[in-house]
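J.: Fit chain B to the known structure of chain A by using the hints.
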Amino acid sequence: MPLRFFANRLTDLVIVLFGVSLVVFLMIRLIPGDAVAIMLGANTEVTPDRIAELRGRLGLDQPLWTQYGTWIWGALQGNFGTSIWTGRPVAEEIAAHIWPTLELTLLSVLVGAGLSVPLGCFMAVARGKGSEVAVRVGAIAGLTIPSFWLGIVSIFAVSKLLPGFSALGYVPFTQDPLGNLQRMILPVIALSLPMLANLSRLVRSAMLDALGQDYIRTARAKGASKTRLVYKHALRNALIPFITSVGVSAGYLLGGAIVIEQVFAIPGLGRLVLGAIAERNYPLVQATILVMTSAFVIVNFLVDMLYVVIDPRVAKQ
Amino acid sequence: MMRFISSNKLLSFAIVFVTIQVLLAVFAPLVALHDPYAQVIVQRLKGPNGLNWLGTDQLGRDVLARILYGYQTSLLTCTIAVALALLAGGTLGMLAAYYGGWFDRIVMRVMDVLFAFPIMLLAIGVIAVLGPNAWSAALAIAIVYTPIFARLLRGPALVICQSEYVMGARAIGASDRRIIFMHLLPNLASVVLVQTSLLLSAAILVEASLSFLGLGAQPPIPSLGLMLSEGRNFLLLAPWPAVFAGLAILFLSFGFNLLGDALRDTLDPRLKGQA
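Quick note, the sequences are listed as chains A and B, same order. Final position of the first sequence in the numbering used here is 317; the numbers increase by one with none missing. Final position of the second sequence in the numbering used here is 1275; the numbers increase by one with none missing.
Do not rely on the hints blindly, as some may be mistaken.
Okay, the calculated bits of chain A under chain B, using three or more residues with CB under 8 angstroms as the criterion [claimed, not checked]:
id	stretch
1	52 to 66
2	82 to 92
3	151 to 161
4	210 to 222
5	255 to 267
From the structure, some residues in chain B lie toward chain A, with a derived Cβ separation under 8 angstroms [said to hold, decoys possible]:
id	residue
6	Ser-1012
7	Leu-1087
8	Ala-1088
9	Asp-1104
10	Pro-1118
11	Met-1120
12	Ala-1128
13	Ser-1175
14	Leu-1213
15	Leu-1235
16	Ala-1238
17	Val-1243
If you are wondering where the hints come from, they were derived from the structure by calculation, not from laboratory data. Just so you know, even glycine gets a beta-carbon here, dropped at the ideal spot from N, CA and C.
The shape of chain B in the complex, shown without the other chains:
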């Protein structure tokens, strides 16, 4: 009982932590006191002060405003990417499990090949083809995550497909579509919820790395990874932009990871403590 409460505490904390950050991103135009693009050159590279709470960057732009809008860029890119990957990978994995046979074999082979690439390398390859911008980064992350979702969902889907209630449904003449939508999907919901949260956390880091390398959102778009790479050049003069941008990435990624972790405990207590 104590366990249940303490894991629920963690879950509540994670939900609040993530919600605050998402709300800050969505309502950035209302929350930010400054225009993230406005350059006040005389005010450049200032430390935190009453006017610019987190200081200013090398062009005199407000760091706090750029972080808030950077949250927007990061969350939008990653949400699109993970949603695409879930749709493509989840569908493929589920159908592979449901139909089995040669369809399963071919689909999972293709997924194996994509899975064989180190994540960053495949993402970089996709961006080399499409050209560096935020959309390419989103698509690159989606392609990288598709085989991961396919593998994650195929296993549990296989178990459900062989369960007695699915066999029962089939015996009384339920159609494929009915079995997939009424039995398979609802039973996969908890796995999907947990993994989406965990992968979103990882996607935030990949997106930040890509834009840090100049392969994601392009200047002057406010982007956390970009702020880090720009701030790096002025590190000794003014460490603030780089430090705060990094902390923002950390909080965002940490929040979703904690959320996934706590969700897993709550939804499936059997998995408690497993890495």
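Chain A extracted, bound-state conformation:
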């Protein structure tokens, strides 16, 4: 990998992460009115003493740059302060909720991306007049079905058809592997459908593009079989734009997971952040958003790097 390309991308990454942290940091300072009074008002009586005490505890009486410096320095070491109400370290709260979200997102990426390749190839090969419209309409439907509605309807359907099926909640994989996977089936289907629709459409057009190239004609002239043409020659080249899209889609999934967790009562980061908003636990809201966004940014950086390994031409542009 060319060093200069890597260095440029790394600089971009650092700048974006810095910007993200600045936005998240300023969030709490942009709250109209006195954020501390609002925070206190959610749980206790507001008195000047309590306001001053909490303000001191959150460091809000310091100059802005000192506040940011202290906050980001702590965050880099995994110290996000303590939760206002429970007094537990914020990092501990996040760690306790991260696994369900991670599992849900990863499984959905695997299912969505994994199925979209054969589906997209099939759509590209079976290109015809009638099916063309069906494919388009189907893909748009997949993109516009509200995934949380799909989740709700599937819970209803399963409760009628398979009364013994546990569709709600979460058990750790280490505790009960089968129960864990069983509870993941419906959320993963609901969450991965929009991604599947989006990616299979992308694979289809990339495949059509690749199948029209000269090297395909050459391979065909040399007598390569149709399967070999599609899967060996065309697919490899079609996968290049696909990989970038998987990275971007992961971000949508992370956002969608927040809603899906609420539907299926999965105790992940989404539920954590929503609960934190309800009780106006701003440090927890900030930390969760920072962690999730940074993860997304870093994943996309890694995907970019992978892209260069697969297609060295990118770095030369």
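T.: Same frame as chain A, but now just chain B:
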């Protein structure tokens, strides 16, 4: 030729489909047979029947009336949000392309940072600051979509800025303002039209998700997302409110997506079939 007609058929269908829904929303007070707020407790959780065509919810309110008014809430929130984002993001992207240099670099850097947030997460963050209500949801969606519009318009604007007719206009002494309004804007119109429709479709889903989470319109305002989250608690007893509210969201979002898709084919046949 066959292609052109079939894509126009799709476009006509999309226009009719979207127009019907928009008209239903605008004229909801005339179309709805019931008051969306009127509670008839003895009639609660009824399935579809002659009096309440789509049944009633847990407070005995007419589901059809609440869906029609929910369309209003959803369309109003999303139209305001997308219009704000187009105005802010479109202007920034266009000016960045036109002036280039450090202005371009700074603007697009800021857009990169906003773009780095997963959509729902940034929207939730904005609402955490502003407090949950329909206006916050609109503003949150507007902020989330601003960098998307900026990026979408900067690219085509750059191409137009470097085209020969813009150089020609500049050579004969046209002012910046004249070039932007007479050359840049009209040539961006088709991109704007297509993307606005597609983003409106996505915005409808985001708005529904936000109100489903209790972060958008607050009860008792009729809202499709809210109907879903309320209906969820009575799903086994009466699935109708949740099912119909979900279908309404789907139709609305689907209509705008289809419209954008068909518009793209018609306005720019070169892009046909691209995802």
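J.: All the hints need checking, so say for each whether the structure fits it.
T.: Results of checking the hints against the structure:
Check on the stretch 52 to 66 of chain A: 0 of its residues sit with their Cβ under 8 angstroms from a Cβ of chain B, so the three-residue criterion for coverage is violated. Requiring three or more residues with a Cβ within less than 8 angstroms of a Cβ of chain B, the coverage given for the stretch 82 to 92 of chain A is violated, as only 0 such residues are present. Using a Cβ-Cβ cut-off of 8 angstroms, 5 residues of the stretch 151 to 161 of chain A lie near chain B, which meets the minimum of three, so the contact claim holds. Residue count for the stretch 210 to 222 of chain A with a Cβ under 8 angstroms from a Cβ of chain B: 0. That is fewer than the three needed, and the coverage hint is violated.
Residue count for the stretch 255 to 267 of chain A with a Cβ under 8 angstroms from a Cβ of chain B: 6. That meets the three needed, and the coverage hint holds. Taking 8 angstroms as the C-beta cut-off, the interface hint given for Ser-1012 of chain B is violated, the closest approach to chain A being about 14 angstroms. Interface hint status for Leu-1087 of chain B: violated, as the beta-carbon distance to the closest one in chain A is roughly 21 angstroms, over 8 angstroms. Here the hint on Ala-1088 of chain B is broken, as its CB sits about 16 angstroms from the closest CB of chain A, past 8 angstroms.
At a threshold of 8 angstroms, the smallest CB-CB gap from Asp-1104 of chain B to chain A is about 15 angstroms, leaving the interface hint violated. Proximity of Pro-1118 of chain B to chain A holds as hinted, the smallest CB-CB distance being about 4 angstroms (cut-off 8 angstroms). A hinted interface residue such as Met-1120 of chain B counts as satisfied when its beta carbon comes closer than 8 angstroms to some beta carbon of chain A; here the least separation is about 3 angstroms, so the hint holds. Taking 8 angstroms as the C-beta contact cut-off toward chain A, the hint placing Ala-1128 of chain B at the interface holds, the least distance being around 5 angstroms.
Look at Ser-1175 of chain B: its Cβ only gets to about 34 angstroms from chain A, farther than 8 angstroms, so that hint breaks. Using the Cβ-Cβ criterion of 8 angstroms, the hint placing Leu-1213 of chain B at the interface with chain A is satisfied: the shortest such distance is roughly 6 angstroms. For Leu-1235 of chain B, the interface hint holds, the least distance from its beta-carbon to any beta-carbon of chain A being 5 angstroms, beneath 8 angstroms. Contact between Ala-1238 of chain B and chain A, as hinted, is not supported at the beta carbon level, the nearest pair being about 11 angstroms apart and thus beyond 8 angstroms.
Among the interface hints, the one on Val-1243 of chain B holds; its C-beta lies about 7 angstroms from the nearest C-beta in chain A, closer than the 8 angstroms criterion.
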